Structure formats: structure tokens, C-alpha cells
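Q: Listed here are the chains, written in short residue letters.
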Amino acid sequence: MEEYSREPCPWRIVDDCGGAFTMGLIGGGVFQSIKGFRNAPSGINRRLIGSLTAIKQRSPIIAGNFAVWGGMFSTIDCALIHIRKKEDPWNSIISGAATGGILAARNGLPAMAGSAFIGGMLLALIEGVGIMFTRLSAEQFQPQLPPLEDTSQFGVNQSSSNANNYNFQ
Amino acid sequence: MSILNETNDVYSPNFDGASSLPSGYKAFSSPYLNYDPGYIPTSQPEFIFLDGGSKQRGRFELAFGQIGGSCMLGAAVGGATGFFNGLKATTLAGETGKLRRTQMLNHIMKKGSATANTLGSIAVIYSAFGVFLSWARGADDDLNTIVAATATGCLYKSTAGLRKCGIGGAVGLGLSCLYALWNSRDKLSDLRSYNPA
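Residue numbers (full-length UniProt numbering), protein chains in the order written: chain A, 1 to 169; chain B, 1 to 197.
It is possible that some hints are incorrect.
Said to hold, decoys possible - No farther apart than 27 Å at their CA atoms in a straight line, the calculated lysine-lysine pairs in the DSS-like style are these:
#	chain 1	residue 1	chain 2	residue 2
1	B	157	B	110
2	B	98	B	88
3	B	110	A	35
4	A	56	A	35
5	B	110	B	98
6	B	110	B	88
7	B	164	B	110
8	A	56	B	98
9	A	56	B	157
10	A	35	B	157
11	A	56	B	110
Think of the hints as simulated: they come from the structure by calculation, not from any bench.
Computed from a predicted model, the values in this text were never measured in an experiment.
Please model the entire structure based on the sequences and the hints provided.
A: If you want it as C-alpha cells, here you go:
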């Protein structure tokens, strides 16, 4: 848990797929439990049963959709890394847009364009926030200039004009 | 305090062990190794791998890979099943052309996603149990696997009645025992060849 790092590329797809599935299952479980609780007939017992039924029926489907998204995203990301030979935020944004487009492929071209746009925007937002956090946290690690040393004590034959310059001889 | 002057320390210049090197050379007499280890600050860890650490990766690290793998396996198996089911159904119904293609896609997607979701959910529950057990017991061994698999089977079938719940638990127990046997086959073969006499 403390040494968690990302896998190298082909295996990253499986890893991301699993992560997205887990996220979808837990998130969908929470969401569906509330929804099932609200939509059930009155009576706390019936509400709890409705909640459980909703979790059982819907949250695996949500998890599956998440997993498809994550797996497709990671596949395209890895393909882009291989083609472009670099890893940068553009990879994520492009693969987000492509994933959105491909997964809406059965709904016609306008839906594809809309989904691609939403996917690209989402990933651009995530990447932007990530870059912003990196910048913010990097500020305290900026190297500070070492104080200039007085080198006049080392060189006796140095002229006073370059006393403040380093002399590595 | 210092172990510098002990004669059995290979890092020490006073090391007296027999050396195959020509005379004048001492084993490991590097100037970089030739200092008192007491100078190393002990406040920070000095080992690349911690002494108490497990030899393999932890369950949490493996969990997402396992979940994703079982999800993909389920999609592949379910997709293949759906393909054959769809082939049979469309042939029986006498559908051709575009209609048949759409029906085939529906069969594949439906069966594939259902199987993938089922297997993935089981993997998530199993991983959750496994991570929790290895965290609670502080050990990662076959007992965790067996208990986690049994609990997973029970929980997955828990809403279908007590009997189905027991069957699910039994299936989990059986599969995990098979896996544990396979996992420790080296130890078992050692046990068989062990001669007490």
C-alpha cells in the first residue's frame, strides 16, 4: 500500500481496468443504495431491502461501464505512448476524447462528437488540476542560490576586481 | 563502541583473515568502506528492503490487477459464449443481413458484460476480504486466501437464502484449497520425499 506505483505499459491496462471497476462498484454501490432507499415503499425494512436490491442489480453494471472506460482509456494511452514516444498530458487528453468517441460509436456521429468533447474536457480538467497541484507543491522545493563566498582568503595573488568570482584552480 | 579494531571485521584495515591476494593487499581494503559504522546516522532506514517486509508484493498492490484481469477474462469468456448463443439463436430464427448482425452484437455485448460484471464483482469482494485479512492478521499466507474465498462465496450468495449461501461458501473453499495446494506443491513434494529414518 505504501509502495504503490504504476505498472509498465501493457499491464497498466489490466491495472487501470481493475481500478476503474473497483471505483465504479464502490461508488455505484453508495449511489444506488441512496437511490434504492429513496425509491422504495415506506417502512424502514422495505427501504433497506430496496436499497440492497438496487445495489445488487445496478452497481455491477455501473462498475462494468467504468471498467470499459478505464480499459479503453489505458489502451489508447499506451498506444499513444508507443507512437509518440513520450508521456505528457496531451496523451491523456487525446485518449480521453478518443475513448469517449469510440464508446459512443453505436449512437451516431453527433453523439460521438459530443462524447469525445466531454471526454477530452474531463481529462483536460483532471490533467490541469494535476499540473496545478504539481506547480503549487514544487514551489517550496525551488533551489535557493547559495550565499556567495568571500574567496579573497584563498588566493593571495588575486586582484580585487575578481575577488567575488569563483576561481577553480 | 567501535568495531573498527576487531580483527574479524572484513571492512576493517586490521582484518587478519587469510587472503589469497598478493602480500600487502587486504580483503576489502577500500578507503570508502574503511570507516566506523557508528558514524552512519541511525535515524533513517539503512536497508533497501526492510527486514520484516514480505517477500512478495502485498495484496493491495495486486488487487487492481487481479480485478481487472478477472473482469477482462469474464468479458472474453462471456463474449465467446454470447457469440455462439447468438449464432444459434439467429440461425433458428432465420435472421439474415443487418438484423442478424445487430442481434449478434446484442448477444455478445449482453452476455459479455454480464459475465464480466459478475467475475469482476467477485474479484472485488475477494480482494477486499484478502486485503482486510492480511491487514488485520499482519501476515499474508494461504490461510488468508482460503478464508477470503470462503467469505466471498458466502457474501455473494448471501441474499439467495442460507442454503445457496452455504453452497457459495463451499465453492469458494474448494477453489481456494485447490489453489493453496497448487501454491505449496513444492513444500508438499518435500514432505513426501522426507525420510524420517
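Q: Does each hint hold? Answer for all of them.
A: Structure-based check of all given hints:
1. In summary, the hint linking residue 157 (chain B) to residue 110 (chain B) is supported, as the alpha carbons are separated by about 22 Å, within the 27 Å threshold.
2. Using a Cα cut-off of 27 Å, the hinted pair residue 98 (chain B) and residue 88 (chain B) holds, with the two alpha carbons roughly 16 Å apart.
3. Annotation: proposed proximity of residue 110 (chain B) to residue 35 (chain A) holds, straight-line Cα distance about 24 Å (limit 27 Å).
4. Of the pairs offered as hints, the one joining residue 56 (chain A) and residue 35 (chain A) holds, with about 12 Å between alpha carbons and a cut-off of 27 Å not exceeded.
5. Between residue 110 (chain B) and residue 98 (chain B), the direct Cα distance comes to roughly 18 Å. Compliance with the 27 Å bound is thereby established for this hinted pair.
6. The straight-line distance between the Cα atoms of residue 110 (chain B) and residue 88 (chain B) is roughly 15 Å, inside the 27 Å bound, and the hint therefore holds.
7. Of the pairs offered as hints, the one joining residue 164 (chain B) and residue 110 (chain B) holds, with about 25 Å between alpha carbons and a cut-off of 27 Å not exceeded.
8. Among the hinted pairs, residue 56 (chain A) with residue 98 (chain B) is inconsistent with the structure: their alpha-carbon atoms are about 34 Å apart, more than 27 Å.
9. Under the criterion of a C-alpha separation no larger than 27 Å, the hint pairing residue 56 (chain A) with residue 157 (chain B) is consistent with the structure, at around 11 Å.
10. Proposed proximity of residue 35 (chain A) and residue 157 (chain B) is supported: the alpha carbons are some 23 Å apart, at most 27 Å.
11. Restraint check for residue 56 (chain A) and residue 110 (chain B): the C-alpha separation of about 17 Å stays at or below 27 Å, so the hint holds.
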